[in-house]
Structures are given as structure tokens and as C-alpha cells.
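First to last, the protein sequences are chains A and B.
Numbers in this note's numbering are just positions in the first sequence, counted from 1, shifted up by 9.
Numbers in this note's numbering are just positions in the second sequence, counted from 1, shifted up by 1362.
Hints were generated in silico from the structure; no laboratory data involved.
One should not assume that every hint holds.
Said to hold, decoys possible - Per label pair, the in silico range of CB-to-CB distance:
#	chain 1	residue 1	chain 2	residue 2	range
1	A	Lys263	B	Pro1433	31 to 37 Å
2	A	Arg83	B	Gly1706	55 to 61 Å
3	A	Tyr87	B	Val1421	33 to 39 Å
4	B	Ala1524	A	Tyr105	54 to 60 Å
5	B	Gly1597	A	Tyr87	48 to 54 Å
6	A	Met10	B	Pro1399	55 to 61 Å
7	A	Arg83	B	Lys1546	57 to 63 Å
Cβ coordinates follow ideal geometry from the N, Cα and C atoms, glycine included.
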Amino acid sequence: MIIWPILSAIGRTLWLPGADGVSRFSLETYVFFFSDQYSINNLMVTLWTTGVCALLLLPICLPIALYLRFAKGRLAAYVQGLAIFPMFVPSIILSYAIIRVLGPNGTVDLLFNSVGLPKIRSPYLTPWGPVIGLVWDNIPLTVLILLSGLGAVSDQSVEAARDVGARRWAVLWHIILPRITNSILVAISFTVLGIFSAFTLPYVLGPAAPEMMGPFMQRTFRDLNDPTNAITQAVISFAFCIVFGLFYVRSVAKNRKT
Amino acid sequence: MAVLDIKDVTKIFGGTVAVERFNLTVADGELVCLLGPSGSGKSTLLRMIGGFETATSGVIAIDGEDVTRVPPERRPTGMVFQSHALWTHMNVFKNLAFGLKLRRLPPAEIKDRVEAVLEQVGLAGYGQRQTHQLSGGQQQRVALARSLVLEPKILLLDEPFASLDQHLRERLREEVRDLQQRLKITTLFVTHGQDEALALADRIVVLRAGRSEQIDPPDVVYRAPATPFVAGFIGTMNLIDGVVEGGVFRHPGLDLAMPVADGPATLAVRPEALGIAAATSAAAVIHRVTDYGTHAIVDIDLADGLRLKAMAPDARAWAAGTAVALSPQAFAVYRDNVAIHRAGA
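Next comes chain A alone, as it looks inside the complex:
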């Protein structure tokens, strides 16, 4: 169910039917993709968005996960609820919520206007629009993965570090982070895989050009009626994703070994 569509997609982009109707091996579609500046720009903006999201997610989610792991009391339960909440919000609702808040004449503009401040430079329809949406959307999964990794760090190992003189940063750097390296890799792999193939948020919040691979594939397939190039774009996206997939598999295998 998974392998066959992959093989079929690769096959359909490498064996193209000629004018006589006979299929023959050709790299034509790949040559086109990598020689077409528009396709390259789309790939670059996808890689940029994915990288920026991954870079932002870690410093946002790690403090939340650390707080949830070590804090006790009712406030921690509320924070956990808030952190997991985006998981239950459909992407389309989130998109329109972001437009209403950060879009032109949105809530932020209205609030600024009411106190005499100028309008903000809205991230809507810029590459930062999908970044904001995707980061918000991926917080729950990233927090949950990091939290599961932090579960392996016992209270006593942290206390033992403090006992020998380690302050907060030393505990984080020398004791906690080395123990959750695999979880960080898994979290990054998962978010990268999700963000690379995201459609709704980049489609609604992102610019018309360059566009991320998700909307690009969809437009090539439906609007341009060019399934072969759409599949080529999919295979290229898959090739990038599989690198992070292998990161994930390696982390899981390493975990099993230890």
C-alpha cells in the first residue's frame, strides 16, 4: 500500500511515453524541474519554511516541555491543555483565525489603531504567514515527543546533578539534553516531514509565488493538468523527506539498542 505507489511514481517519472506511445527511460522531467527557476524557488521556499519552523519549534517547545516535566500543580495542567489545544484545531480554522488576527485590518491592526499606533506589516501572503501557522500547528506534537523523552530523565538524576553543584543551565546542558537527543531528532524528523508536505496553511496563508511544494503540486496537477510534472515534484519532495525519515528510523533503532 505504501511501497507500490512510491515505486509507481518513480517509474512514471523515469519511463515516459514517447510520441509513438512506447515508454522509454528519460530524466526529462527532473531536468525540467531543476532547470526551471520557478520550481527551484518553490523548493527553496519549502526548505526555508521547513528549516525556519524547525528552528523556531525547538526553542518554543523545549521550555514548555521542560516546564511540564518538572512543574507540579494546577498551572502545569492548564499549560499542558493550552500546549495540546492546537492539535484539535483544523488547519483551515487556524488559517482564518490567523488572517483575522494578523491579516490586514485584523485584530492587531484594530488594537494598534485604537491607541494611535501604525498598522503592522502583516505576515499574511508572505513566507512568514505559513511559518507562523505551521509552528503553531506543530507545537502539540513536538511538545508531546519532547515530553516523552523527558520522561526518561528521572528527578533523582537531576537532583544528583544539583547536589554536585550544577546550576540550571549546567543541568540542562550536561544532564537533560544528552538524555533527550533522540527525542529531539524524532521531533525534528516528524515536524519536518509534516511541514514539507503541508498544504492548507501554505495555500491559504502563503504567497502566490514562490509557493511551497504542497500547493505547487496541487496546482501543477489540477490547474495545469500536468500529472507527470506533479508526480516529479512529489518524488523530489519524497527524496528530501526520506532523509529525515531515515533520521527517525536511526533514532528509533539507537533507542532500541540502548
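Given the coordinates of chain A, assemble chain B onto it according to the supplied hints.
Only chain B this time, still in chain A's reference frame:
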């Protein structure tokens, strides 16, 4: 090496009092065991001394310096945890060197100190081993070495041998005692094992529901328990509730003369101090005889159903169903939670 002073320390979690107005002074080089059942507050007390819990009120001082609000990383204490708490991503050497590196000692000195302390705990040459390659006993030695390498003023041990088997536990506690005496380090040792406390401690603190019941050397705690709780908690003790009338303690099957004012009382007799002799009266009857080779434990049922234990030199001399007369050789009498009379101790 230091003197530890705990004055009127109270710890309240929510509405629960974990430790209440606790006082203790531990002398330089002394080993004190905190002994008590689960929930008695012994670990909370140790964690307050280590800085992992903050006392609700009271003062903890080390060498006269108030450390009550000082965080653990700045206290001159070293703690050994029940679960070893070794850092599994570091080898043995790195586990021991971590605290020294934080103190920015030169690498050569770190190496020398780590090797010296590994030698002290009998793990010379184990520095490059991963922690998962060590046995439970070796892991606990590494945990001990990790604390000792920093030369703390006070060593705190929180049930360090609880996860080990009996044989290993006995061996390790002897090693800890030898090491403690050699280094003359002031030590607090939390345990719920009375044998461990009796074997190790210079003094034992018996805790119950956050309060100290008795603070005394092991022989005093064993032979002259201050309260019926201590009497029942340390070793095996027969506790018999009765009434003193006209200078005679009365309980069905047992009358005992004693110079005590009339009123309710609890008689405490160790099995080895409860003499038995064949009798005709059925007020006390042997229920079971258990032969331990060197001695026998005789279970005796009194008329009201209370079961007592007596120690006899030879199991073959006694049989179930035999009526016996009881004659306590050494005993204590308690009233209102205080010992009011002792005899033969």
C-alpha cells in the same frame, strides 16, 4: 567533617505535616541513622538537609552557618540516592568528574581525585566502564564515590541499599561504616531497616509521623525503648495491654508484680526475656514452635487470644498444645506513651 544542627524544623506539604518541630545535633564525624516506617518523614528530613526541600519553619545549620534557604548546589552536603541516580550517558569517570569540572579544577587534579576515590570504594580501574556495565552494588559504590569525591562536610544517604539483595546489603553497609570511620565524615543515613540502623549507627533517631520518638545509641534504643512505638518498631517485642492493681500487672494469663501506681499500662517484653515453664493452667498455651537451629521461637496464645513470642534454647523441649507459665525476666512498662518502670534490662 562538620557539625549539623537542626532546630525546630517543620515541613508542611499542603495541609499535611511531614516533619514537626524536629531537633537534632549531629557531632563531627558521627553517623546517625534516621529510622522509621514509610511516611514517618525521614526522607523529607534528609531532603531538607540536602536542600531539595525547604523547611516551612526552623533552622538547619552546618558548622554554625544557616543553610536553611541555600539551594543544594551551594550546600556542603553530598547525597547518595536510593536509585543510584547515575548519569547513564556518562561513564564512571565522567560521573565522578562532573562535580569537579563544575568547580573548574585542573584536569590533572580531577584525574587524581577520581582515581583516589575509586580506589577507596574498591572500584580502581573501573573509570572507563559505562554505568550499565556495572552490577547494582558497583553502581551504588559509584554513587557513593560521586558524593565523596567532592569531600562534602555532611554525607547524606537515602536508603542507598534498599534495591540490593540481603547479602550485598550487609557487605556494603560494613564497607560504608569502615569508610565513614576512616574519613571521619559526619553522616546521616535514612533507612527503614532496623538491622541496618542497629549495625551502622552511632545514634538512631526513631521517627513516627514526622516527630522523633527517641534519639539514642543503638543499644539504648533496643534495650530501653522510650515509647511503646519504639519498643514495637525495633526488634521483636511482645506488647501486652493490662491494668496495674495493688502493685500487680494483670492480663489474662499473666500476673506480674511491679512497683507501679494503679492504672492502665502496657508491658513490653522481648522474646528472649520471656521465660516459659510447663504448667497445668490453660491460661497460656503453645500454638506453634519454630526451630531456627540455634534457638526456637515459641508462639504462645493467651486466654484472650493475644499471641506472644518467646525464645527457647531447644525446640525439642516444647510442643504445640502444651500449657505454659510465663515469667518475664526483663521488661518495661509504659503509660501515656512514656516508660514508667523498667526491670532486669
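How does the Cβ-Cβ distance of Lys263/A and Pro1433/B compare with 31 to 37 Å: does it lie in that range? Once the Cβ atoms are compared, 35 Å apart, the range 31 to 37 Å for Pro1433/B and Lys263/A holds.
Determine whether the Cβ-Cβ distance between Arg83/A and Gly1706/B falls within the hinted range of 55 to 61 Å. About 58 Å separates the Cβ atoms of Arg83/A and Gly1706/B, which means 55 to 61 Å holds.
Lying within 57 to 63 Å: is that true of the beta-carbon distance Arg83/A to Lys1546/B? This hint is violated: roughly 47 Å between Cβ atoms.
Per the hint of 55 to 61 Å, is the separation of the Cβ atoms of Met10/A and Pro1399/B within bounds? Because 59 Å falls inside the window, the suggested range holds.
Range hint 48 to 54 Å: satisfied by the CB atoms of Gly1597/B and Tyr87/A? holds, 51 Å
Evaluate the given range 54 to 60 Å for the C-beta pair formed by Ala1524/B and Tyr105/A. holds, 58 Å
Looking only at beta-carbon atoms, does the pair Tyr87/A, Val1421/B fall within the given range of 33 to 39 Å? Holds - the Cβ-Cβ distance for Tyr87/A and Val1421/B, about 36 Å, lies within 33 to 39 Å.
Of the numbered hints listed earlier, the single one contradicted by the structure is hint 7.
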